[in-house]
Amino acid sequence: MYKIVKKRVLNPTVTLMEIEAPLVARKAQAGQFIILRVDEDGERIPLTVAGCNRERGSVRIIFQVVGGTTELLNHKEEGDYISDFVGPLGKATETEGIKKVCVVGGGVGCAIALPVAEKFHELGAEVHSIVGFRNKDLVILEDEFKAASTKLTIMTDDGSYGTKGLVTEPLKAALESGENFDEVIAIGPVVMMKFVVATCKPFGVKTVVSMNPIMIDGTGMCGGCRLTVGGKTKFACVDGPDFDGYEVDFDEAMLRGTMYRDFERHAYEDACNLFKKGE
Amino acid sequence: MAKPNMSLKKNPMPSQEPLVRARNFEEVTLGYSAETAIDEAQRCLHCKNAPCIQGCPVNIHIPDFIDKIKEGDFDGAYKVISLSSSLPAVCGRVCPQESQCESKCVRGIKGDPVGIGRLERFVADYHNNNSKAETEVPKSNGHRVAVVGSGPSGLTCAGDLAKLGYKVTVYEALHLAGGVLVYGIPEFRLPKKIVQKEVDELKKLGVDVETNVVIGKTLTIDELFEDGFEAVFVGSGAGLPRFMGIPGESLKGVYSANEFLTRNNLMKAYKDNPTTPILKAQKVAVVGGGNVAMDAARTALRLGAEKVYIVYRRSLEELPARKEEVEHAMEEGIDFRLLQNPVEIMGYNNPDDRRDPKNGFVTGIKVIKMELGEPDASGRRRPVEIPGSEEVLPVDCVVISIGTSPNPLIKDTTAGLEVNKHGGIIVEEETGKTTKEGVYAGGDAVTGAATVILAMGAGKTAAKAIDEYIKSKN
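One line per chain: the protein sequences are A and B, in this order. If you're matching positions, the first sequence starts at 1 in my numbering and goes up one per residue. If you're matching positions, the second sequence starts at 1 in my numbering and goes up one per residue.
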């Protein structure tokens with residue numbers, strides 16, 4: 001059993017938790033992920049590590065309530081326990097030789113983009129962060145991003161905060177103005193990453209994306225997380241989750257991501273109804 | 001002693017009716033009664049040279065345990081088996097006896113061989129249901145050994161070492177111990193309570209089982225040594241599923257057998273209102289001819305499919321699955337498409353509506369007929385395509401079961417541990433010793449996908465070698 005030592009609601013659908021897991025906390029690096037189960041017979045879900053406190057032996061996760069399992073998790077409080085927590089899985093984000101980087105985050109993906117920005121910042125790189133949200137109420141981790149970035153641009157779809165528009169707009173402007181990033185790293189919805197790659201391509205700047213496909217074991221056994229990268233089958237859990245954006249077949253990844261959409265919707269509704277009854 | 005039973009036929013195994021069992025997840029075979037077991041045991045002639053023992057990867061003293069059954073001393077029979085095997089209730093169910101012990105049985109020359117596997121299962125089940133003996137906790141010798149993976153090789157190695165007094169910790173990556181016995185082999189072939197009992201027995205022997213620890217990620221092999229373990233056994237299993245590289249393998253509704261079986265077995269997707277989803281397909285094609293393919297096909301049937309195909313590129317003769325599983329699958333109505341090979345998986349695509357929810361789901365699999373040509377490197381005749389013989393099987397789910405390639409996690413994080421060109425860990429066959437001092441390995445991590453009993457045998461071999469290694473150092 002793994003204890004929830006901290007819980008913070010970041011916005012109506014996004015929650016931060018710190019889970020006591022000393023072995024994971026000792027090793028986890030930006031870009032890696034964990035798999036958890038809330039309770040016995042629960043589903044295994046992968047979540048990217050959003051930071052860790054090595055002294056306290058805790059790992060930070062940030063999740064959006066999208067289905068039955070995340071709804072269940074969101075009802076747990078500080079001091080409660082979850083049944084399983086395993087990691088760190090996947091490869092860490094590569095940082096070597098990068099002096100100037102543009103970190104692009106979208107929605108809850110910003111939770112994963114933050115530790116990447118922090119890591120680069122720590123290593124002394126110049127970090128430009130571009131983060132996008134649907135509206136003002138959904139903006140998360142603004143102060144943290146500010147602290148980790150040389151330059152921070154916040155975008156909202158409806159213009160209720162920061163600048164109105166998509167993350168690709170300031171990215172394109174920066175590239176056009178001659179910002180010579182060693183790398184652009186995009187973390188967010190697959191469709192956003194696809195368009196970040198399309199934006200970068202004419203400039204030939206190295207673009208890394210962090211993929212988050214459906215997964216079960218997360219250790220290279222089931223093959224559920226496979227992607228087509230450079231025409232070859234790759235497994236996000238052991239080969240990734242970071243991949244060269246120019247090589248990823250995003251359309252296929254988007255299609256595969258919808259496999260259990262109906263199931264998820266029902267599971268979420270069932271979980272909500274369960275909690276309503278309890279109240 | 002009574003005269004031998006000279007019947008040419010094995011006592012049949014009581015089983016659920018094919019059409020009933022094809023719709024439930026209860027165990028297919030029900031096991032011999034005591035009377036049937038004694039009757040079957042009397043078919044054994046107790047040959048002096050006992051060729052059956054040579055056919056057993058762990059050399060169980062087969063005629064001896066069968067003698068005990070003849071006497072009605074089932075506990076005694078269990079003791080004989082226990083000298084050589086740690087998981088008889090498992091092996092009695094999943095060993096390919098027809099190509100091992102039973103293939104050497106003299107009674108098989110004219111008629112059926114003695115039902116050794118069925119007798120082994122009977123003895124193990126009898127013991128599990130009736131034994132009141134408390135597990136004796138061995139006296140600790142103070143030495144610590146780590147075992148990576150809780151599948152058949154790891155459980156066996158851990159059990160043997162614990163009985164010798166070692167303090168053993170088993171590390172399991174998943175949330176439940178048992179490895180392929182829990183995520184891979186379905187309930188209807190190996191009830192999970194049997195596996196749980198084996199794991200519980202180990203714990204009673206003083207073995208610690210740490211779930212949710214991925215060696216190569218959470219901890220490395222070198223860290224295990226730093227932590228005070230004197231030897232490490234790696235039984236981490238087979239690894240990444242292989243795909244065929246044909247168009248359509250990423251469509252929705254295409255699974256590797258590992259994923260399909262894990263969702264169903266480990267994650268219990270067969271339940272009403274499961275937390276982990278699985279596609280409840282109407283028509284399913286399983287590609288491959290091994291035990292895993294049979295398991296996947298029969299699982300699909302039990303999940304409610306009305307039509308299930310096995311697509312296999314060679315003929316029935318080459319089909320590598322255990323004979324009983326193939327027979328069971330056929331009885332249950334699985335359609336065997338032999339000498340056929342997939343060339344493409346087709347999916348739905350509505351060109352007028354990119355948001356059509358059916359887009360990207362499997363609609364069929366195109367197969368081509370094959371004929372057998374000259375023998376290949378494996379000695380089996382190589383299948384060759386017959387041009388122009390393509391046919392489309394309409395299906396909404398495809399399960400690919402064509403094997404695995406080794407998992408890179410341990411090799412990538414363990415300096416000095418060498419692997420062969422296929423990625424399997426290199427070991428000395430007689431000891432399981434790897435190229436890194438103090439590290440031993442066995443099971444699928446070494447051989448690639450093989451059987452439970454071979455993995456168990458490797459676990460035993462390594463346990464013995466580890467004992468000698470640690471003694472030699474102290």
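If you are wondering where the hints come from, they were derived from the structure by calculation, not from laboratory data. Every residue, glycine too, gets a C-beta built ideally from N, C-alpha and C. A portion of the hints provided could be inaccurate.
[Said to hold, decoys possible] With a straight-line cut-off of 20 Å between C-alpha atoms, the simulated SDA-like cross-links for lysine to any residue are:
no., chain 1, residue 1, chain 2, residue 2
1, A, K234, B, K268
2, A, K234, B, E249
3, B, K268, A, K232
4, A, K232, B, G403
5, A, K91, B, E223
[Stated by the list, open to error] Output of the computed footprint for chain A on chain B, the stretches with three or more beta carbons under 8 Å from beta carbons of chain A:
no., stretch
6, 20 to 29
7, 239 to 248
8, 255 to 263
9, 272 to 283
10, 404 to 413
Status of the hints after comparison with the structure:
no.	hint	result
1	K234/A with K268/B	violated, 26 Å
2	K234/A with E249/B	holds, 12 Å
3	K268/B with K232/A	violated, 31 Å
4	K232/A with G403/B	holds, 18 Å
5	K91/A with E223/B	holds, 19 Å
6	20 to 29	violated (count 0)
7	239 to 248	holds (count 5)
8	255 to 263	holds (count 6)
9	272 to 283	holds (count 5)
10	404 to 413	holds (count 3)
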